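> Starting from the known structure of chain A, fit chain B onto it as the hints suggest.
First to last, the protein sequences are chains A and B. Mapping of the first sequence onto this note's numbering: residues 1 to 669, in sequence order. Mapping of the second sequence onto this note's numbering: residues 1001 to 1669, in sequence order.
No lab work stands behind these hints, which were simulated from the structure alone. No experiment lies behind these values; they were computed from the predicted model shown. Ideal Cβ placement from N, Cα and C applies to all residues, glycine included. Wrong hints could be hidden among the right ones.
Pulled a few chain B residues facing chain A out of the computed Cβ check, cut under 8 Å [what the hints assert, rightly or not]:
1. Val1013
2. Pro1016
3. Gln1368
4. Thr1371
5. Asp1374
6. Pro1512
7. Arg1525
8. Arg1536
9. Val1618
For reference, the chains in residue letters:
2 protein chains.
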Amino acid sequence: MLSFLAALKRILVGRPFRTEKLKRAPLRKRLALPIFSASAFSSIAYAPDEVILTLALAGLSAMAFSPLIGLAVMVVMLVIIASYRQSVKAYPSGGGDYEIASVNLGPRAGTTVAAALLVDFVLTVAVSISSASHYVVAALPALAGSQTWIATGGVVVLTVLNLRGRGRSRLGTAAPVYLFVGVVLVMLAAGGILAATGNLGSAPSAGFDVVPDPQYPHGLTGLAGVLLVLRAFSTGSAALTGVEVPISNVHTLAAPKARNAASVLLLLGLIAGALTLGTMYLARAVKVHVVEDPATGLQLNGGPIPADYIQNPVLGQLAHAIFGAGSLGLYLVLALTVAVLLMASHTSFNSFPNLASHLATDGYLPRQLRTRGDRLGFSNGILALAIAAIVLIWVFEAHVPTLIQLYVVGVFVSFTLSQLGMIRHWGRELAQTPDKRVRARIHRSRLLNLVGLVLTAAVLVIVLGTRLVHGAWLAVLGIAVLFIMMDSLHRHYKQVDAELSIGGEESATALPARVHALVLVSTLRKPVLRAVAFARASRPSKLDAIVVDSDSERTEATLREWEALGIPVPITVLASPYREIPAPLIEHIRSIKRDSPRDLIVVYIPEYVVGRWWEQLVHNQTAMRIKNRLHYEPGVVVASVPWRLASSEDSLALGSPNTLPISNPKETP
Amino acid sequence: MLSFLAALKRILVGRPFRTEKLKRAPLRKRLALPIFSASAFSSIAYAPDEVILTLALAGLSAMAFSPLIGLAVMVVMLVIIASYRQSVKAYPSGGGDYEIASVNLGPRAGTTVAAALLVDFVLTVAVSISSASHYVVAALPALAGSQTWIATGGVVVLTVLNLRGRGRSRLGTAAPVYLFVGVVLVMLAAGGILAATGNLGSAPSAGFDVVPDPQYPHGLTGLAGVLLVLRAFSTGSAALTGVEVPISNVHTLAAPKARNAASVLLLLGLIAGALTLGTMYLARAVKVHVVEDPATGLQLNGGPIPADYIQNPVLGQLAHAIFGAGSLGLYLVLALTVAVLLMASHTSFNSFPNLASHLATDGYLPRQLRTRGDRLGFSNGILALAIAAIVLIWVFEAHVPTLIQLYVVGVFVSFTLSQLGMIRHWGRELAQTPDKRVRARIHRSRLLNLVGLVLTAAVLVIVLGTRLVHGAWLAVLGIAVLFIMMDSLHRHYKQVDAELSIGGEESATALPARVHALVLVSTLRKPVLRAVAFARASRPSKLDAIVVDSDSERTEATLREWEALGIPVPITVLASPYREIPAPLIEHIRSIKRDSPRDLIVVYIPEYVVGRWWEQLVHNQTAMRIKNRLHYEPGVVVASVPWRLASSEDSLALGSPNTLPISNPKETP
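Bound conformation, chain A alone (with noise of 0.2 Å):
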């Protein structure tokens, strides 16, 4: 059973890596800037999508806002960028906001932002790969329906992946979302040639009306009206998301690493917005007509649409309006935005289990997080954010219009806490520093903070607001739950520690007394005297050997046979009227323990191994029971004497998957 598990892990993933092979060149500007701006770029194959059908809700009419929203969008990018550029000169560690904000906040504050950061992470794999499971069906209609698979098959396919610790492979991560810019500029450039030139064809959709929700019958008035168009707003800053990666990634960046940093997010930001603005404009121009239910939202000349339509993203009916039906152009896109989406989860893949491994060092999650796997990725937490992200993939059915309902709160949780965290790091430096021109600097930079402050928490309160009922709330109580599974597993570590850490007054050299050896002896057989030649070896003060009479008959035969073997240990017989074995055996030691205080009790315990999972059922169960309870024996320690079954044996032979590394220590290359 588990060597068949270890075999299947070893074709899944691989022979393990040395640990040396983890030390990578620095990254280079030209590689490090598509590499951290894949997860920011790729939300423009969903950001215009949900700022338009969430708008449609109130009609035609509406959607001519988006692109104004659009531009809002771009203006809080543009000030968190600026923002970043200073934070990540003043924190060029690459602990990100988490770090800028325990620093700054105290923990409390840090185990938020790493909470809120952890739900996004996963969120922007379930996001992601969704979108682009419905790029799929763009250019594979035959597949629509089965999106939530293609969306696992991806997440399954991204988690080998890392697992194996491929895609490490910088050129393969860098080549495609340079293409993708590439691609969906120049589609934008000709769109906009043929617009200026009056040649603009117009999207699949656009024959379409657009049924305004009831809640809305008189377009974007009144309270309502404003209402949606916050909340348009809010879904579309998910185009915020994947901002604050090359901060979180700066320590792998080439020196000078701050600048570096700096003149990445910048590009980012200038290339992000250039993207998001003329996605925005061209798909008002060819009047991309997207409905959260087409089936209900859509209507063709007053009558139901077409039962078979499939509403494709904006980007592909923009591709598809400028390079028209069928043309190379239209797949170019949409494959190169599955591409784009891919390498977006796959920096999840990265940051999440980074992140988790950071935590769990600092002992805010378990242990099993910190440790590298075999082929040197953080494999524990690669699986947990692959779980995750399958989980939620299939409860919302990877519905991106539902699923971005709970995005972005976690990174503005995230952006608003680095902020204030920033602005306190100003104060502290003003403090410290006499010279006029640098206090002038500072006061700028705090400004820009301060800024960025407003904004930020203006997102978050507006996120929250326009969407908490929307499934918004969902994200929050999953942040809420994270925080508090990792506060209170801290305050155990803590404790632990407390309780543990060796302080002056214990002597490092004292001793027990003497030692007072137990074997427990049962039926009569070959572990029993194994157990006693191994007791007697380790020359105890005093050796007794135990029965514990919860049967006459046998407990007479072993005493015969003891005689018989004339083995030179004195044997006690301790009553048991209710036919167990622990508690008398607990009895006898506390006992001793009141006799002999000092005293070291070593119970030495012949146990079975079995090769076969049902032998473990029918051996080794009372043993087990008395090891539990012997554990919470003050001064008692319990040695286990094995006795291999020959049923072990083959077990053995196929190995556990601690040997495999041992009987064939070479590494594929």
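Chain B in isolation, oriented as in the chain A frame:
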């Protein structure tokens, strides 16, 4: 958690009993009869129904056969009883058919009998309780439809009673059986008189016409008819279950055990015969019309029967016809039938665990089934039986006509094999007895068993032939599975025995040359110090501390502190290129073994003892993995040095189940 379960157990099961309580006065005949016969007598609660509704498939006229079939069943019963009367004299130990078969036909036969009996004990509970639930409904029609729940409740109550070691009150068991027999006999007598005087009323269902099954257009004519009669007979033979009870309880009887058992058997046979025949005859006289599915099988003057019609069992309808609707007599019959059916299942709740424990002692079932629980009942056996019965009740929705199809396969397998065994037995006797007169008697006995063999074998063939497709296959499958399980488990235990039993060659006093102790060190904390101290206290010939270098920084830190604390033990660092703990350790141990093969290696592992379940997840994981791996290394003893975390104290205070009897050895009187 654990302590909660412990508390719950105490509430349900009560304080443990001392083993002395087991000794009981031998059983006098007048109590033995009812206690041993409950199962046999109770069958008239359902056997007649099954006979009649099977015949009903061939229409009204066919039902005339029911008394004849009753007669046939009686004949078989008397022969079996006659042969048992001599078996019990030959095997007075209470081993029953299991013993007879194993002694005379070899262990395989014994195992088969055991498997067959276990299956039938389960079915006794399922059938009796299900049937009881229908009597409850007959008394309280409001409960119609919830038979499954009633039956489940019944099983649960019996289980708790038996776990509590209650229901061992002999008078409590005997009284209802006597009352039941008395009341039913009175009813039959009254019925007989009324019939003789022509004043016998008719059953509630007398007015209905029976719709014959299309398979039997011309009543019982032809082969189909013959087969149907045989099938009716085979279902009727359910009346024969329970006949084996006395022989498997001889040992509890007062001396002369064998003689008393024989007379109990005789009385059992006579009474059971009278009850069955009487019921069959009167059921016919009052025109009880029961069918498998009243909705389709019954008609009221050509039209369908009332939708709310509840088909009551034969015994109920008899009481109704003889004592009158709503009469005290009717409710008395119903109540006592329920009582006696419960007693019948109660018998199985003794027989099943007893047999299971027998089998466990002989190594055919897991050891856990051998030992007595807190209240001296074989708790695990009781639970196994209860679960199996409840599963059956739910699968078949407490529907007796379906359950009955699985029934009596088991008993007849064991009847047949035990008859065969007895014939062998007599054969051996003959070989050793010269005395003419004795030989003559033995010849007679053997003849009787021969007749018994022919009869029981015939019935078994009929049962399988007529019911295999109707559900008996499931019983056969169950028996087969149990047989295979027990057989392979036995082979396993035997192999282990051979492996472990102490032969002449080993000396019970040999000792390993030297003890080489290793202390496993991770981060340097109190538990490590304790482990080191304990290791040193056991004065090994050689002592090393071991650090596995899975994380270089931590290793260095550990080494520094080790220096600082001046621990007088050399510390060895094991390289771990693949960031693993167990593998390098094993390698190291193997190399030590290579250098000095006769050394005993003791590995001291510091271990945390935690209180809360989730703490187990965040501690000891590595320790566990290491221990499991080390178990497979020859000549290695694992000594785990426990360190109890503060959190473990409270869970200790609450106490694990084992501590309770000690903390308060008093028991409920």
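> Holds or violated: is the Cβ of Val1618 (chain B) closer than 8 Å to a Cβ in chain A?
5 Å, holds
> Does the interface hint hold: is Asp1374 (chain B) within less than 8 Å of chain A, judged Cβ to Cβ?
7 Å, holds
> Quick one, is the Arg1525 (chain B) hint okay against chain A at 8 Å, beta carbons?
4 Å, holds
> With a cut-off of 8 Å on the beta carbons, see whether Val1013 (chain B) makes it to chain A.
12 Å, violated
> Taking the least C-beta to C-beta distance, is Thr1371 (chain B) closer than 8 Å to chain A?
Cβ of Thr1371 (chain B) sits 6 Å from chain A, so the hint holds.
> Given Pro1512 (chain B) as an interface hint, is the shortest Cβ-Cβ distance to chain A below 8 Å?
Hint holds; Pro1512 (chain B) Cβ to chain A Cβ min 5 Å, cut 8 Å.
> With a cut-off of 8 Å on the beta carbons, see whether Pro1016 (chain B) makes it to chain A.
4 Å, holds
> Can we keep the Arg1536 (chain B) interface hint, with Cβ of chain A closer than 8 Å?
Nearest chain A Cβ about 6 Å off; hint holds.
> Does the closest beta carbon of chain A sit nearer than 8 Å to the beta carbon of Gln1368 (chain B)?
6 Å, holds
Consistency note: the structure conflicts with earlier hint 1 alone.
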